[in-house]
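**Student:** Okay, here's what each chain looks like letter by letter:
Number of protein chains: 4
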Amino acid sequence: MSDIGCHALVWTGTFEREGLTRAVERTRNAGYDLLEIPLLRPHAFDVATAKEILADSDLDVSASMGLSDATDIGSADPEIVKAGEQTLNKAVEIVSELGGRHLCGVLYGVLKKYPGPATAQGRANSQDVLRRVARRAADSGVQLSLEVVNRYESNMFNTCKGALEYLDEVGDDSIKVHLDSYHMNIEESGMIAPVLAAADRLGYVHIGESHRGYLGSGTVDFGSFFRALAMVDYDGPIAFESFSTAVVDDILSVSLAVWRNLWDDSDDLGRHANDFIRGKLRAVETIALH
Amino acid sequence: MSDIGCHALVWTGTFEREGLTRAVERTRNAGYDLLEIPLLRPHAFDVATAKEILADSDLDVSASMGLSDATDIGSADPEIVKAGEQTLNKAVEIVSELGGRHLCGVLYGVLKKYPGPATAQGRANSQDVLRRVARRAADSGVQLSLEVVNRYESNMFNTCKGALEYLDEVGDDSIKVHLDSYHMNIEESGMIAPVLAAADRLGYVHIGESHRGYLGSGTVDFGSFFRALAMVDYDGPIAFESFSTAVVDDILSVSLAVWRNLWDDSDDLGRHANDFIRGKLRAVETIALH
Amino acid sequence: MSDIGCHALVWTGTFEREGLTRAVERTRNAGYDLLEIPLLRPHAFDVATAKEILADSDLDVSASMGLSDATDIGSADPEIVKAGEQTLNKAVEIVSELGGRHLCGVLYGVLKKYPGPATAQGRANSQDVLRRVARRAADSGVQLSLEVVNRYESNMFNTCKGALEYLDEVGDDSIKVHLDSYHMNIEESGMIAPVLAAADRLGYVHIGESHRGYLGSGTVDFGSFFRALAMVDYDGPIAFESFSTAVVDDILSVSLAVWRNLWDDSDDLGRHANDFIRGKLRAVETIALH
Amino acid sequence: MSDIGCHALVWTGTFEREGLTRAVERTRNAGYDLLEIPLLRPHAFDVATAKEILADSDLDVSASMGLSDATDIGSADPEIVKAGEQTLNKAVEIVSELGGRHLCGVLYGVLKKYPGPATAQGRANSQDVLRRVARRAADSGVQLSLEVVNRYESNMFNTCKGALEYLDEVGDDSIKVHLDSYHMNIEESGMIAPVLAAADRLGYVHIGESHRGYLGSGTVDFGSFFRALAMVDYDGPIAFESFSTAVVDDILSVSLAVWRNLWDDSDDLGRHANDFIRGKLRAVETIALH
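Chains as they are written, first to last, in this note's numbering: chain A, 0 to 289; chain B, 0 to 289; chain C, 0 to 289; chain D, 0 to 289.
Looking at chain A on its own, in the form it has when it is part of the complex (with noise of 0.2 Å):
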């Protein structure tokens, strides 16, 4: 059964001992199972600490990220894409040493909006790189998903479609794929023939709004997409995703260009999404009866 997930964005902007102690504490009181940590730069996170918080609770953990320009393993220079390496590998690290069975997001580049098409040298060398992370992660009981993302958020790929033969080009079928609501309601052509195409290459569900705001006060489809969930039996984590002035890292808010409010009370937005993930996955499931 999928454990139910929440990004701690949702509860906090920054990740020392406070955010990370409110991020636990209201994650478990929202009812989930997993809390997604964004490592946004892995090199400056406290994982001491961390652990220690995570520790005193029962809470499952996760991580996501993607990679800046100066670590951009996509890039056709050597040295950002080796520095991109060592991030990636150190990200793994840490969620290794959580305890955490998956890092997931834009591990292939930058998520930013691209000034043009991805090259061919950038995709080759983000591929070499994966090859050799997801080898190291495979060794640490971790997992990689890469996230599919808009086009406004990467130039690599942005279909379950491009993942897939991006990722039969690494070769390596540890590699899965990660899927977003929130971009599938952008790119592809329904929230059902993403995950059919996927099938047990899917490692990671992020479920977000159309606008990310509340689930159900938008446009995504979420009632097909948890039915081609229960098609294929996924039974990895599902993390609920929102952005909101109300609570943004000084990073993040740019690249996912957040400029307005859709919510201010973080804990009943956490509890209702806990609760509509729940209800369509049990609702699904009662199709079995029909």
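Because the hints were derived from the structure by calculation, they are not lab data. Check the hints yourself; a few may be wrong.
No copy is singled out in the list; a pair is fine if it fits within one copy or between any two copies.
Below, a list of computed lysine to aspartate or glutamate pairs in the EDC-like style, where the Cα atoms sit at most 20 Å apart [to be verified]:
#1 Lys111 x Glu84
#2 Lys112 x Asp249
#3 Lys50 x Glu92
We have chain A already, so just place chains B, C and D on it with the hints.
**Tutor:** Showing chains B, C and D alone in chain A's frame:
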């Protein structure tokens, strides 16, 4: 704010002490505000017992009904019409004694597949009766709401527009329209326009899935329906309705053509629906923040 | 590639020379490939005339039907069952003589609201008959497809899953499932899973709106349905069906509970549906480019 | 009745004689009423040639545009703001000379991913300019409509509600809102409420799929959008917009983050969209018959 209710047939197929007691307890445990009791045979209904059982709870109560061939006020036969008027008056009396404020359903005829179109005489007869019953109901603090049902359950009208035209002819503004998502999914052009058309003439709402099973496991566009209810500031009752061979009344099961089992655990079904409805209401409420 | 067809009742309520001639001409003018003729009373159908009229056109032809109370092969009465078998054989013969390859509809019983659940005996009887009729049909190059209809039109099965179980018991792979979007909208959990479940056992498709009026003016999720047809590479007939009081057969109008006028201009309706269906097919075809 | 239009970038990426001639011919052949020309660099646009080419056709014309960093009227730099005002005035002049009545798009700023939130000064500057430009436009019989675009293409407002607030501050009722289904799918709570909110302040409509490919091959709920347009009796232009790497302008391709090919046959795409839009309009028109 709307009372969130549950149709008693989710819990019981009989309405003596035991059945009603179970319905009341389970409805409360599932988190609802209101119990909707089907008055299948008003003259046989034990009001005193029902009143006693309800008095022990803090639930609000409403009643729904359809007429029978012997009491069809849409008939051309004056005797049958007269019997129908007595039945409706009895039902109003029961609702009033129970402390309820809503009598809804197919108050204008039989819930059945008619063998031909409605007649002008039958239409006029039913309107005459409703005009008189509505006045008595108003005196008792009971509001009548006419349910719009699908083509297989009435030939009088099958859309909100049809109901509004029918009510315009009745000419008593105290009678309202009762919309049901299950029927709307079959007959209306969508889930929003009918609600906007009814606006403050909307008096009662049924929430049923397309197949009358778990909410979210069918084809009804609930997202649009709840948005529409918010657009017109609807604050009347919203009651969940579901039918399965697991719990049925012997008359209703045939009228409703319930041939299969869409659930077996009433408690799980009822809790799920209560959470679903409240979750949708909260989601559309947050649209104001956008 | 699928033949795109139109149900003859869009154009005519009678099937003598004049009615059929009109149906053939208008169906061609509206751009369709195929005319679906309802064999309401097979023994009274004038095959020679129909053959002559069709010969002058380049339209393909198919036939649909339902049995009557006197020919219900789902009955427990051997005489009625026998009469039903003769009727079905007659229908197969007609389709074959007309050069058609498809006989579809409620071939397993009466299209009516049954007064109670199907019986084991009736189910077995209908299956025995269909087993024999299917063999004769196969010899004539005619494929039988059993239409899945809603609870108010049959008690034998109301979902694709139910039909597949019924057909598994029949055990003759030549008999296929006939899905109709109008009925699916009421009974299925969605428009995709049933098609995937049927896959190459899908033999015939009806396209009808939720209220059986203009396509796109109701609640059916056609986008999902056409995506599903593409996913299973469906290439059988796709026929538009719509009913209005503007054109009806006296038997069907009551069976189908057609109480209102959803269109008055058959030509406009028919052209619109043909464009709608072809437009949807093209749209989902382009998904391969994504 | 609405003019149905097509964005010229469906046909050509250049706007000299050859490109414009092709755009005009193909737009007519595909069945449209109107050609929408992107005024990417107004001062470099050859009005005389465009006028001559358009004169030979019976197409109506409109223009859309966005400003550049050097002409951003939402800037705090007076020189840039002034340059922007000149550019807008030039564009108004062009539309007027071409005999057009509509100038739309991101008239209030640059179509780009901004590096931070809009500033109060920039907002005020853009409003001052628009107030003046609108008066000149009105004198020329040209209506300005401000396009609501997604968070990655503007930071000024991303919803219809935001645009209406912005326009309330401008205080000139002649300036209208321009809604685009592609952007609405990302930012709005649904496809109906924004249209009802704008009502007669809706001045221009773009029809784009969620991924900007073939209509009906993505996730946009067009059924709801066209119902809403009918509800407010919208009769302004409805223009199809689609972008692919098959045809792009070098500036726009990067602004719009077009990294993949969603079509290659402009003629097929354009005809399909024209049929799609007219089919939807007809479908919702028939709802009046229900």
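**Student:** Should Lys50 paired with Glu92 be assigned to within, between, both, or neither, using CA atoms and 20 Å as the limit?
**Tutor:** within (12 Å within a copy, 65 Å between copies)
**Student:** Can you tell me if Lys112 and Asp249 fall within 20 Å by alpha carbon in one copy, between copies, both or neither?
**Tutor:** both (17 Å within a copy, 16 Å between copies)
**Student:** When no copy is specified for Lys111 and Glu84, does a C-alpha distance of 20 Å or less occur within a copy, between copies, both, or neither?
**Tutor:** Only inside one copy: Lys111 and Glu84 sit 19 Å apart there, 31 Å across copies, limit 20 Å.
Every hint, counting from the list given before, is met by this structure.
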